[in-house]
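**Q** Listed below, chain by chain, are the residues.
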Amino acid sequence: MPQQPEILLMKGNEAVAHAAIRCGCDGYFGYPITPQSEVLETLAAEKPWETTGMVVVQAESEVASINMLYGGGGTGKRVMTSSSSPGVALMQEGIAYMAGAEVPGLIVNVQRGGPGLGTIQPSQSDYNQSTRGGGNGDYNVIVLAPASVQEMADFVELGFTLAFKYRTPVIMLSDGIIGQMMEKVVLPPFKPRRTDDEILRECPWASNGMGLRQRGPQVISSLELDPAVMEQKNLNLQRKYAQIQAEEVRSEATLCDDAEWLIVAFGSAARISHKVVELARERGERVGLLRPITLWPFPEKEIAALVEQGVKGILVVEINAGQMVYDVRMAALGRVPVTQYGRLGGIVPDPDEILRELDKLKSLAE
Amino acid sequence: MTPSDIIRPENLVYAKPRLMNDVPMHYCPGCSHGVVHKLIAAVIDEMGMAERTIGISPVGCAVFAFKYIDIDWQEAAHGRAPALATACKRLWPDRLVFTYQGDGDIACIGTGEALHTLNRGDNVTLIFVNNAIYGMTGGQMAPTTLLGQKTVTCPYGRDPKLHGYPLRLADLAARLDGTAYVTRQSVDTPAAIRKAKKAVRKAFEYSMEGRGSNLIEFVSTCSSGWKLSPEKANAWMRQYMFEHYPTGDLKDVPASKNNN
Ligand SMILES: Cc1ncc(C[n+]2csc(CCOP(=O)(O)OP(=O)(O)O)c2C)c(N)n1
Chain W
131 MPQQPEILLM KGNEAVAHAA IRCGCDGYFG YPITPQSEVL ETLAAEKPWE
181 TTGMVVVQAE SEVASINMLY GGGGTGKRVM TSSSSPGVAL MQEGIAYMAG
231 AEVPGLIVNV QRGGPGLGTI QPSQSDYNQS TRGGGNGDYN VIVLAPASVQ
281 EMADFVELGF TLAFKYRTPV IMLSDGIIGQ MMEKVVLPPF KPRRTDDEIL
331 RECPWASNGM GLRQRGPQVI SSLELDPAVM EQKNLNLQRK YAQIQAEEVR
381 SEATLCDDAE WLIVAFGSAA RISHKVVELA RERGERVGLL RPITLWPFPE
431 KEIAALVEQG VKGILVVEIN AGQMVYDVRM AALGRVPVTQ YGRLGGIVPD
481 PDEILRELDK LKSLAE
Chain V
63 MTPSDIIRPE NLVYAKPRLM NDVPMHYCPG CSHGVVHKLI AAVIDEMGMA
113 ERTIGISPVG CAVFAFKYID IDWQEAAHGR APALATACKR LWPDRLVFTY
163 QGDGDIACIG TGEALHTLNR GDNVTLIFVN NAIYGMTGGQ MAPTTLLGQK
213 TVTCPYGRDP KLHGYPLRLA DLAARLDGTA YVTRQSVDTP AAIRKAKKAV
263 RKAFEYSMEG RGSNLIEFVS TCSSGWKLSP EKANAWMRQY MFEHYPTGDL
313 KDVPASKNNN
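Protein sequences appear in the order of chains W and V.
The first sequence begins at 131 in my numbering and counts up by one.
The second sequence begins at 63 in my numbering and counts up by one.
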């Protein structure tokens, strides 16, 4: 008889830590900040260096954490960090270097409200920073938006897989609600860390001293002073991003088949919007929800297809002042009204507020 | 007579280290960087570590260090090399891991990463080339610029009221519990070069023995930045730099006393 997977109750932040240990992560580097400190705390309590050999370092800053990620990822190891908004702001230089030097790594952002020190309450206001690159230069990173504790656990493995497949940093863009709330979760099965030989085979580009004489020296670098060569390097990056856009879009549609009205929301805003869809359907309204799971690449085609199918208007719900709404408008190409609703400063919208916004959208469209 | 008649094993007293690549160097005549590179290349080869070394290059004149020494490298962001080194060493404990940094890189923008890596006792070596100026960006004031020294951003000389004091990073490093070996060297004479090479070897060996972190400061010249001929730059270094940055060991922890 197949064994039933064990169902546990834990916080999203704890799930990330346990998933990291279980999916062969080689190193975690992080600095405390609310509301994500449980990731480092859980790892410290679990002592994975005694079991799987995973390294855990409390760095002196987020600047150091991200550069530890750059260094560790450059050797072909599966490395990750986690932080919250002000800390991730500090990491942007390092993320740009990782993108430029094509170094894989996973960055978990359990967002809180800003700007500046802002608040420790949840927010989704780092959408622009995450989906537009965030540091200097022309680059994108893959952004995964979990909407449950289960997805916070699952996206660790998915994040590493994508990071190595495309040699790119991957951001898991969570928020203080999902990071802090306790929910049922089934942790991923145990998977050993890769051996040195496996790393050598899978990451021939890695700079770790191994096999130097067979393959010549490896240099991890984002620097190139010859403009002709640098243009080619950039074009190669752009080709890679185009491939990611073609192959890695993920989204979830709820009751969209007959939808007249569409809500687009990600992460915790999508969970609240689920309730809104339920309430609206009880009132006999045909409302559907499209939840982008990858925020970059963005599910433009999926939204365009729903507009094509006859959706009359779109309400974008996000816990910020209006960031993803621009991507939705681009996807809808001005063919239907697209409005936005969000709360700021750490306040989370409730379903009734969103229902009222749906009514406003309808009167605008009809 | 041809060169091959003269260069025979029994006559050979000097050779280019095997790990130095045959490419033109971009360093200026009289610059200390090239000599320091050569010492590192020689020691890595002598220790038999060529295939188990990860070098971390800085932002500064040595940004292209990876072109010159035939090992694996990572090119860090300005000042962050020690953070990369920490990760590389923790994830690959049997590797020889070192950073190579200028004074702006290690003692200004990256002081935090340098001191914390040293203080954690990570088993790595930080090579610090102190030329008292920002060479790469055109001779601006560095944290190590001497009082009264003129640079393009302190054209009337470094004034402590305006610019603070020249930082002695090695002295700070020697006070940290995580460091095993901290020394100040120079490469201005054959004797100094021989001593400096021994220091590199000791630091690298300590790091492989797990004794803790190591810092070698090279008191260095920058003839272009200082606007002096190579010979005068050496004389200026001896006259002024050695006074503020005296060469010699600042800390050498015997193996038995090490608690790392
Ligand atoms: C974040 C950042 N700030 C500034 C610079 C510009 N910059 C490049 S090298 C350098 C100073 C290098 O001086 P030093 O570390 O003393 O090395 P040297 O060139 O003298 O060997 C500066 C300020 C940069 N590349 N990145």
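Worth flagging that the hints you see were computed from the coordinates, not collected in a lab.
Nothing here was measured: the structure is a model prediction, and the numbers come from that model.
Do not take every clue at face value.
To be verified - Negatives, chain W to chain V, calculated, CB over 12 Å: (1) D156; (2) T164; (3) E483.
To be verified - Derived lysine-lysine pairs resembling DSSO-like cross-links, with alpha carbons at most 30 Å apart: (4) V/K100 / V/K260; (5) V/K264 / W/K363; (6) W/K295 / W/K363; (7) W/K405 / W/K490; (8) V/K264 / V/K100; (9) W/K295 / V/K129; (10) W/K177 / W/K370; (11) V/K212 / V/K264; (12) V/K313 / W/K370.
All C-beta atoms, glycine included, are put in the ideal place defined by N, C-alpha and C.
**Q** Could you work out which earlier hints the structure fails to respect and list their numbers in ascending sequence?
**A** 1, 5, 10, 11, 12
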